[in-house]
Amino acid sequence: MNAAQITIVVTSVLALAGIGFLAGFGLALASHIFSVKVDPRIEQIAESLPGSNCGACGYPSCFAAAEAIVAGKAEPNVCKLGGEQTTKLVCNAMGVKEIAAQEKDLAVIACGAGPEICNKRFEYQGEKTCAAAELSGGGFLECSAGCLGYGDCAAVCPFDAIVYEEGKLPKIIREKCTACGKCIDACPRKIISLKPAKQKVFVLCSTTDKGAQVRKYCKVGCIGCRICVKKCPEAAITMEGRIPQINPDKCKVTEVCIQVCPTKTIKKL
Amino acid sequence: MSKTFPGGIHPSEHKKRSKKEQIRKAADPKIAVIPLCQHIGTPAEPLVNVGDIVKIGQPLGDSERYVSAAVHASIGGKIIAIEPRLTPFGAKVLSVVIENNGDQDVHPSVRPYPNFKDLSKTDIRKIIRGAGIVGLGGAAFPTRVKLQPPPDKVIKTIIINGAECEPYLTCDYRLLIEQPKKVILGLKAIMKPTDALEGIIAIEDNKPEAITAIQKAIDEEVSHHNLRVAVLKTKYPQGAEKQLIKAITKREVPSGGLPADVHCIVNNVGTAVAIAKALTTGMPLIERIVTVTGGSISEPSNLLVRIGTPFSELVEQCGGFLEEPTKIIMGGPLMGISVPSIDVPVIKATSGILVPSKKELDDLEPEPCIRCAKCVDSCPQYLLPNLLGDASENDRFDLSKSYGALDCIECGVCSYVCPAKRNLVQLIKLSKNELLRKK
Chain X
11 MNAAQITIVV
21 TSVLALAGIG
31 FLAGFGLALA
41 SHIFSVKVDP
51 RIEQIAESLP
61 GSNCGACGYP
71 SCFAAAEAIV
81 AGKAEPNVCK
91 LGGEQTTKLV
101 CNAMGVKEIA
111 AQEKDLAVIA
121 CGAGPEICNK
131 RFEYQGEKTC
141 AAAELSGGGF
151 LECSAGCLGY
161 GDCAAVCPFD
171 AIVYEEGKLP
181 KIIREKCTAC
191 GKCIDACPRK
201 IISLKPAKQK
211 VFVLCSTTDK
221 GAQVRKYCKV
231 GCIGCRICVK
241 KCPEAAITME
251 GRIPQINPDK
261 CKVTEVCIQV
271 CPTKTIKKL
Chain L
2 MSKTFPGGIH
12 PSEHKKRSKK
22 EQIRKAADPK
32 IAVIPLCQHI
42 GTPAEPLVNV
52 GDIVKIGQPL
62 GDSERYVSAA
72 VHASIGGKII
82 AIEPRLTPFG
92 AKVLSVVIEN
102 NGDQDVHPSV
112 RPYPNFKDLS
122 KTDIRKIIRG
132 AGIVGLGGAA
142 FPTRVKLQPP
152 PDKVIKTIII
162 NGAECEPYLT
172 CDYRLLIEQP
182 KKVILGLKAI
192 MKPTDALEGI
202 IAIEDNKPEA
212 ITAIQKAIDE
222 EVSHHNLRVA
232 VLKTKYPQGA
242 EKQLIKAITK
252 REVPSGGLPA
262 DVHCIVNNVG
272 TAVAIAKALT
282 TGMPLIERIV
292 TVTGGSISEP
302 SNLLVRIGTP
312 FSELVEQCGG
322 FLEEPTKIIM
332 GGPLMGISVP
342 SIDVPVIKAT
352 SGILVPSKKE
362 LDDLEPEPCI
372 RCAKCVDSCP
382 QYLLPNLLGD
392 ASENDRFDLS
402 KSYGALDCIE
412 CGVCSYVCPA
422 KRNLVQLIKL
432 SKNELLRKK
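Same order as they appear, the protein sequences are chains X and L. Each residue of the first sequence is one higher than the last, beginning at 11 in the numbering used here. Each residue of the second sequence is one higher than the last, beginning at 2 in the numbering used here.
A hint or two may mislead.
To be verified - Computed list of lysine-lysine pairs in DSSO-like fashion (alpha-carbon distance at most 27 Å, straight line):
#, chain 1, residue 1, chain 2, residue 2
1, X, K138, L, K402
2, L, K93, X, K200
3, X, K98, X, K186
4, L, K375, L, K251
5, L, K328, X, K130
6, L, K402, L, K17
7, X, K138, L, K328
What the hints assert, rightly or not - Here are some chain L residues the structure puts well away from chain X; computed CB gaps all over 10 Å:
#, residue
8, R66
9, V254
10, D364
11, E435
These are computed hints drawn from the structure, not numbers from a lab. These numbers come from a predicted model, not from an experiment. Virtual Cβ for every residue (Gly too), placed ideally from N, Cα, C.
Please build the complete structure, drawing on both the sequences and the hints.
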């Protein structure tokens with residue numbers, strides 16, 4: 011290797027090192043000037059949230075919920091899914107006094123019949139989704155509030171909490187349901203609603219028809235006889251419209267209503 | 002050369018059964034159920050009470066709202082109930098139930114108007130509004146609204162739609178042959194308030210008798226320089242509004258636009274005749290022509306039916322069923338809807354009652370798309386039904402929108418040609434519904 015070659019090697023090494031140094035300096039400067047200050051609590055809270063991005067809190071993701079908590083737009087107990095433990099972690103991260111977790115909710119399909127039991131007005135042939143069936147002549151069931159049984163709710167459930175077989179009433183698994191509300195939006199008949207998770211006894215019917223009509227097409231539909239209202243020892247049942255409502259705070263699960271209901275509409279889930 | 006549009010299909014016509022049957026009057030119903038919402042738009046408010054005695058032509062309901070139509074008593078009798086009753090569309094709609102008492106007197110509000118020539122533009126619009134006339138082709142859009150396009154739109158052409166491209170149906174065909182004069186009068190009545198320059202009666206080339214009859218009627222008119230018959234190629238959906246305009250005027254209705262955007266208004270033959278009747282006799286829309294046909298009907302006929310007559314009574318008057326019906330369709334086989342029960346009443350939109358035999362019905366399970374693109378070739382709206390179907394199946398309604406789902410006219414061509422028997426129109430209808438709901 012002669013002197014000229016050595017010079018080439020040395021100059022190129024120096025030049026590259028120089029460029030590297032300049033670029034590094036530039037980047038360091040840029041990161042200093044343009045740095046975005048992220049509250050370390052956001053990261054910390056986001057980690058303690060369940061991370062399933064279910065949307066039950068009203069925010070599009072767990073990270074967005076964490077941002078909202080830090081910004082003071084949401085309470086530390088905003089995550090219903092996380093329960094006690096998450097609320098505790100979030101409170102600690104925020105450095106605030108621990109508050110009680112929100113009560114958990116549970117999605118309930120207020121229909122006890124489904125296409126197996128309910129009488130059909132006509133045979134439906136077509137796209138096998140509840141939304142499509144509902145659009146064809148207002149659904150194929152005699153009942154305008156009966157489950158159509160094509161499982162639109164099960165298809166959208168992000169937690170596999172809804173078990174469904176075609177043509178049957180879907181079942182919601184209490185342990186898996188996070189009350190995210192996706193099934194409520196998906197149901198074209200609007201018969202799924204959120205109930206407090208501590209509630210054990212439910213009236214499984216959403217009809218708006220009169221009792222005499224209901225009897226004609228459904229064996230398990232509420233006929234509005236009010237016997238449950240009269241017989242409940244805790245006076246936990248009141249009539250709202252045609253359907254009795256159970257107050258979960260008063261209900262002590264005496265199961266009297268389940269026994270007296272002539273159509274077996276009230277069930278323990 | 003007959004005019005036409007690109008795309009479309011050639012389904013077998015099945016019109017022979019009822020083509021030669023003269024329109025005959027159906028017996029008045031014993032009990033007429035008249036829904037207060039038979040049209041697109043706001044339901045009418047009831048004007049009568051239970052227990053009232055009504056006469057033929059008496060208004061039963063009306064609405065102040067712009068897109069709405071009045072409803073009238075089609076028979077004389079006592080109102081026995083005003084309650085939600087099942088309509089052909091499957092929903093329960095507030096209806097007036099009249100028990101026939103055989104009274105044939107008409108209500109005093111029904112009286113002939115002065116000569117057509119003496120009527121002003123507003124008079125004609127008022128008469129059409131008061132007579133509760135809606136599009137009788139099947140969509141039942143209030144005609145008065147059609148005749149009052151936005152002031153910035155100039156109307157040049159009025160098209161009377163006598164294409165009747167739906168297989169099986171022959172009600173418009175019979176009207177063209179039997180009452181050509183009324184069709185022409187109806188056309189003139191529509192031309193007057195809209196200041197249209199030209200009136201065209203569009204007929205498919207498989208109805209030569211109708212073309213002759215209308216041509217003769219036009220020639221007999223005193224001034225007929227602005228009236229003509231347009232002969233169209235026999236193809237489905239030739240009678241769809243946008244396709245009809247494209248075929249006749251070569252103008253294309255823009256996406257999301259109205260026929261008025263291309264200076265046209267299209268009305269059905271039945272609507273024209275109803276307008277003519279309202280102008281000459283003052284009688285509101287209380288009856289219409291219904292084709293009762295299909296492989297299960299013993300004597301297919303074209304009947305003049307009072308609104309509110311149950312389907313079952315009409316089937317009886319056509320000799321009853323040949324075999325146990327599996328499906329009863331209101332309208333034609335391609336755009337018609339299956340009705341939930343045979344006891345539903347005839348409404349203003351009932352152009353036909355089709356009861357196909359088991360042989361005529363296809364009961365195939367849908368299978369996955371084989372990417373043959375037949376639907377793409379035949380879609381008269383140049384849409385991509387295969388992709389629209391996929392988008393709808395996967396709940397990607399944002400994609401449906403960008404693929405132009407809202408431009409679909411629901412003609413059913415894609416479902417008809419699909420070798421995999423996919424429920425394409427149903428899927429597109431679903432996404433349309435979803436998109437309109439979110440709007």
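Now the hints, each set against the structure:
Pair hint K138(X) plus K402(L) holds up; C-alpha atoms about 22 Å apart against a cutoff of 27 Å. The straight-line distance between the Cα atoms of K93(L) and K200(X) is roughly 18 Å, inside the 27 Å bound, and the hint therefore holds. At most 27 Å may separate the alpha-carbon atoms for a hinted pair to count; K98(X) and K186(X) meet this at roughly 22 Å. Of the pairs offered as hints, the one joining K375(L) and K251(L) holds, with about 24 Å between alpha carbons and a cut-off of 27 Å not exceeded.
About 14 Å separates the Cα atoms of K328(L) and K130(X), which keeps this hinted pair within 27 Å; it holds. Proximity of K402(L) to K17(L) is assessed by CA-CA distance (about 41 Å); at most 27 Å being required, the pair is judged violated. Proximity of K138(X) to K328(L) is assessed by CA-CA distance (about 19 Å); at most 27 Å being required, the pair is judged to hold. Listed as a non-interface residue, R66(L) keeps its Cβ farther than 10 Å from every Cβ of chain X; the least gap is roughly 23 Å.
Taking the minimum C-beta to C-beta distance to chain X, about 25 Å, the non-interface status of V254(L) holds against the 10 Å cut. For D364(L), the condition that its CB be more than 10 Å from all CB atoms of chain X is violated, with the nearest at approximately 7 Å. In this structure E435(L) is not separated from chain X by more than 10 Å, as the shortest Cβ-Cβ distance comes to only about 7 Å.
Of the numbered hints listed earlier, those contradicted by the structure are 6, 10 and 11.
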